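From just these sequences and the hints, can you work out the full model?
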Amino acid sequence: MEIRRQGDCLEISELDPFLAELLRQIPESTNPDGAETAQQRLFSSPAPASEREMCAEWKLYVEPELRRLFQTATETVGADLQQLNGCTKPFANCTLRIPTKNADAWLNALNQARLVIAAKYNFNEAELCDHYRSPIGSRRDLGLFQVNFYGFLQEFILHELKM
Amino acid sequence: MHSPFQLAVENPAIEQETRAAEALDLPWQVVVHNDPVNLMSYVTMVFQRVFGLPREQAEKHMLEVHQQGRSILWSGMRERAELYVQQLHGYLLLATLERTS
Numbered sequence: 651m652e653i654r655r656q657g658d659c660l661e662i663s664e665l666d667p668f669l670a671e672l673l674r675q676i677p678e679s680t681n682p683d684g685a686e687t688a689q690q691r692l693f694s695s696p697a698p699a700s701e702r703e704m705c706a707e708w709k710l711y712v713e714p715e716l717r718r719l720f721q722t723a724t725e726t727v728g729a730d731l732q733q734l735n736g737c738t739k740p741f742a743n744c745t746l747r748i749p750t751k752n753a754d755a756w757l758n759a760l761n762q763a764r765l766v767i768a769a770k771y772n773f774n775e776a777e778l779c780d781h782y783r784s785p786i787g788s789r790r791d792l793g794l795f796q797v798n799f800y801g802f803l804q805e806f807i808l809h810e811l812k813m
Numbered sequence: 130m131h132s133p134f135q136l137a138v139e140n141p142a143i144e145q146e147t148r149a150a151e152a153l154d155l156p157w158q159v160v161v162h163n164d165p166v167n168l169m170s171y172v173t174m175v176f177q178r179v180f181g182l183p184r185e186q187a188e189k190h191m192l193e194v195h196q197q198g199r200s201i202l203w204s205g206m207r208e209r210a211e212l213y214v215q216q217l218h219g220y221l222l223l224a225t226l227e228r229t230s
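Line by line, the protein sequences give chains C and L. Per my numbering, the very first residue in the first sequence carries number 651; after that it's consecutive. Per my numbering, the very first residue in the second sequence carries number 130; after that it's consecutive.
The hints are simulated quantities; they were obtained by calculation from the structure and are not laboratory data. Treat the hints with care, as some may be off.
[What the hints assert, rightly or not] Simulated DEER-style distance windows between Cβ atoms: (1) C/656 with L/209: 32 to 42 Å; (2) L/199 with C/749: 50 to 60 Å; (3) L/207 with C/792: 39 to 49 Å; (4) C/732 with L/208: 40 to 50 Å; (5) C/710 with L/199: 23 to 33 Å; (6) L/156 with C/776: 18 to 28 Å; (7) C/652 with L/229: 23 to 33 Å.
Bear in mind that the values here come from a model prediction, so they are computed numbers and not experimental data. Glycine included, C-beta positions come from ideal geometry on N, C-alpha and C.
Spelled out as structure tokens, the structure:
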């Protein structure tokens, strides 16, 4: 896999089918449904529990706005990922071009996905810092690989935004 | 016609009211809490964007969050503090609004 800036795009080329599939899974991975801890992490409390009125108002007025924001980011990423469906040969490497104007949406969706996966598998700090863990022997290992791979993409996007 | 001195003594009540309102609203702070998933570089960028901090200061707060578990990013009136917390939640940071003890 190669990743570089190409004009108004961030280009990820030589994407093998496995990594392409992980990218395709970003929108689905942002869905916290069925995992209470993931829901709580995406929509965390704005204040200590003693501030009951504030927390209730937040749920009523702010949370729907946050849901819309997260949904919009996920949809933008989903639309960019449609390019991967254009790969003609089933096991060929492919290329993804992310318009820099969508960089914020990507950062947000990647973050949602990382937080939801980490919450679902209850990864601890030591596991999250173990970037050389291998091989992938279980669905949980794959989840950790996803978190790290998405983190790598975030780092690259952040690096490019600074330039 | 009013002399400048007369103008100055006709308006002091407004200033007193403003101070009283601010005093009621002052004890709030925006606190960001540690999170093992969010990247350090991402947290730094968010602090720069939301609070307009220079990079060095944003990194200082990020390291405080990382090493001490929390950092107070801003304190002041509740309404503005709520807005900051909302923005931070939009970036998926763990942030709370707390009364200053």
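(message) Are any of the numbered hints broken by this structure? If so, which, sorted upward?
(response) 2, 6, 7
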